[in-house]
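Protein chains in written order, with numbering that gives the first Met the number 0: chain Y, 0 to 217; chain X, 0 to 217.
Wrong hints could be hidden among the right ones.
The list makes no distinction among identical chains, and a pair is therefore deemed to hold if it is satisfied within one copy or across any two copies.
Under the rule of at most 25 Å between Cα atoms (straight-line distance), these lysine to any residue pairs were calculated in the SDA-like manner [claimed, not checked]:
#1 68 x 139
#2 117 x 9
#3 85 x 187
#4 120 x 92
#5 26 x 125
It is worth saying that the hints were derived from the structure and are not from the lab.
Given next are the chains, with one letter for each unit.
2 protein chains.
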Amino acid sequence: MAKRGKISDAVIRRLPKYYRYLGDLLKNGVNRVSSNELSRLTGFTASQIRQDLNNFGGFGQQGYGYDAKNLRDEIGRIMGIDHKYKVIIVGAGNIGQAVANYAGFYEEGFEVKALFDKNPKLLGLRIRDHEIMDIDELPSYIDEHHIDIGVICTPKEVSQEVADILTSSGIKAIWNFAPTDIKVADDVAIEDVHMNESLYTLAYYYNEKSENQKDDEK
Amino acid sequence: MAKRGKISDAVIRRLPKYYRYLGDLLKNGVNRVSSNELSRLTGFTASQIRQDLNNFGGFGQQGYGYDAKNLRDEIGRIMGIDHKYKVIIVGAGNIGQAVANYAGFYEEGFEVKALFDKNPKLLGLRIRDHEIMDIDELPSYIDEHHIDIGVICTPKEVSQEVADILTSSGIKAIWNFAPTDIKVADDVAIEDVHMNESLYTLAYYYNEKSENQKDDEK
Chain Y
0 MAKRGKISDA VIRRLPKYYR YLGDLLKNGV NRVSSNELSR LTGFTASQIR QDLNNFGGFG
60 QQGYGYDAKN LRDEIGRIMG IDHKYKVIIV GAGNIGQAVA NYAGFYEEGF EVKALFDKNP
120 KLLGLRIRDH EIMDIDELPS YIDEHHIDIG VICTPKEVSQ EVADILTSSG IKAIWNFAPT
180 DIKVADDVAI EDVHMNESLY TLAYYYNEKS ENQKDDEK
Chain X
0 MAKRGKISDA VIRRLPKYYR YLGDLLKNGV NRVSSNELSR LTGFTASQIR QDLNNFGGFG
60 QQGYGYDAKN LRDEIGRIMG IDHKYKVIIV GAGNIGQAVA NYAGFYEEGF EVKALFDKNP
120 KLLGLRIRDH EIMDIDELPS YIDEHHIDIG VICTPKEVSQ EVADILTSSG IKAIWNFAPT
180 DIKVADDVAI EDVHMNESLY TLAYYYNEKS ENQKDDEK
């Protein structure tokens, strides 16, 4: 495949939102959508949207809008969610089990193949048809099953060690739920879901709004 | 309380990371930390860090660094995580149960008081000492128990409706796990954890890196 033109990180992070809204529109029988309509849905400005979509050829026609299906397919292709990924989860506690059970990921082509833990109480338990395996089996499993993505749902104290095992076994994509920043080589993609940080941020804005409210009432 | 000087959103979103690393340092017996050391840990530049921390008075002393405990306490105070929050969860499926079971939130003062669902199979089940209640009881429960934060873990089709019930019952902070953007009034704080978007982004960077790798090998 030819090397793509470089798309900025800011645009990349907006693509999933376009993808999601276009899917909703199609489900509701809407096949054409204007940048103004996308603006109303996403909260981005129409001019921002046109600029973003131009980045990869766009499909808008003046006065006619975008073909929702073509646009969504193209965004899916760019993000690489037009093909399937084999996923394993390390850490089969609450979050690990929740990720394994989340049906939406399967529909989008992210297929959880196995869960790993080192807690003897969890080993052998089945989560959505997958037996929880011993973390010692991780390297051989990855090698045999050509796993694409490793999800880290362990306590933060062991998350770096788990990441090292994953990458030394050939994993090039890590989805990290541990509340810490994992260090990986440049050729490994990593994305964090830092729930604590999101909750702290919510607390901040909650307090800010409530203080403003009190001030307004004075 | 006096109205704080306005801190930019970008700074706010870095505060949880400072807070987390300072906690790790303290746990390891480190009481003084320089902006250079914080830079190494967080990945932000030392000058960025000094600028951020100056925003709220800072505590750095030339050649001596920051007092880790004071700094962490102050950041905690600014974010409002120095006091307790009463939390309810709506949608007691995989994600809702995982959030309810996540011990880290309790330690930080976010106390889950109840879970709600409308699935008759879930009603009456107990999650971490809380019975799952019928969603019809939501408004009266919020009113009686002075709930601060509502967590939405429902399917996206009903998430806006749930948000409307929460806010009309007086909730001013919503933590949304449904893969959709919820609309709320200006005086309501909302934070999303859009796991799908994070996973799509991971897929993008995974593919980008793997294509670059192939190109390099040519």
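For each hint, the structure was consulted:
1. 68 x 139: neither (40 Å within a copy, 44 Å between copies)
2. 117 x 9: For residue 117 and residue 9, the Cα distance exceeds 25 Å both inside one copy (38 Å) and across copies (38 Å).
3. 85 x 187: This pair counts as within: shortest intra-copy Cα distance 16 Å, inter-copy 39 Å.
4. 120 x 92: Answer is both; intra-copy 11 Å and inter-copy 23 Å each pass.
5. 26 x 125: Intra 34 Å, inter 36 Å, cutoff 25 Å: neither.
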